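According to my numbering, the residues represented by the sequence shown are 1 to 300, in order.
Take these hints with a grain of salt, some might be off.
Said to hold, decoys possible - Distance condition first, Cα-Cα at most 30 Å in a straight line; then the derived DSSO-like pairs of lysine-lysine:
| # | residue 1 | residue 2 |
| --- | --- | --- |
| 1 | 115 | 137 |
| 2 | 223 | 188 |
| 3 | 161 | 188 |
| 4 | 115 | 65 |
| 5 | 107 | 188 |
| 6 | 26 | 99 |
| 7 | 26 | 65 |
| 8 | 65 | 149 |
| 9 | 63 | 99 |
| 10 | 137 | 111 |
Hints in this document: simulated from the structure, not taken from any laboratory.
Quick caveat, the model's predicted, so the values are computed rather than measured.
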Amino acid sequence: METGVWIIYDIIAAAIIIGAVVSNAKRGFSRIFISAMGYLVSCVLASSLSNAFAPQFYDLFLKDKIIEDTSTAISESDISEEIQGCISDMTYGLDISVKDISRAVGKSDGKHIDKVIYNLIVSRSAGAVSSEAEVTKGLEAGITDSIRKIFKDKVPESMLKGLTDATQNSIEGVSEFISVMFSGSADKAAEYIEEHYIRQYAVMFVKILLFILILFILMIIVKIIENMLVQADRIPAIGRFDTLAGGIFGAVEAMALVFIACIMIKFSILLTDGTQTFLNEDTIEQSKLFSIFYNFDLFG
């Protein structure tokens, strides 16, 4: 990550706020009131509607496809081979067969599979294993990489975040994932993974998409209403306070615009899986001003 990249976000936020306040102060209260309140109400309404309809939209149009693709990925993979690869990467020089791994894990009760694998390694290592923690760390890193490989080209990595987060720093998450993969049914395993790990991030993706679409429609309506009222001279001016009031409501409009920018950035991060230097949440969290808006949860 490049040092100082985060400041670009603060510059963007500050430019939007200052620009809106100055510009709308010149326009005056009579021109800005409808626009500012329209943007604010549009953001609130778009957020409410996207929150309400995103889960249903996901269930109707995306859920079955995601489960199908997840099931296909599971069917085309062999978790025992992935575990074998993890063990090989631990540099103990062990040659444990896929068959031995399948047999050992298959005999377990589905819990503490990490200990089953650890005991298998110890039984073959002749004292080469220094600690259980070392094996645990290797499994966490290895299985997390395996998840990305197994579901590559089937499920977007941004939607796998719940699963990779669960395994990356949690041996319990690793054990649960391996247990699910050993369940014997690719379809049931896919349904479990979708419900417990993928759904949350997939629905968030839909929420953001719906928010942008609804907001775009509402902003067009607001602009039409504003133009009609201005042309009809229906918005009264308030004398010498017109400029001050315009600036105040300009600040309201500016906040709405920054929130809109935040939603667009979130959508872009989802599309790029947060792998870009600029488009990732670690960079945004370093910002001072932009992060305040970004971390405000519009989607509940």
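To see whether the hints hold, each was checked on the structure:
no. : hint      : result
1   : 115 x 137 : holds (13 Å)
2   : 223 x 188 : violated (50 Å)
3   : 161 x 188 : holds (20 Å)
4   : 115 x 65  : violated (35 Å)
5   : 107 x 188 : holds (20 Å)
6   : 26 x 99   : violated (76 Å)
7   : 26 x 65   : violated (52 Å)
8   : 65 x 149  : holds (19 Å)
9   : 63 x 99   : violated (34 Å)
10  : 137 x 111 : holds (18 Å)
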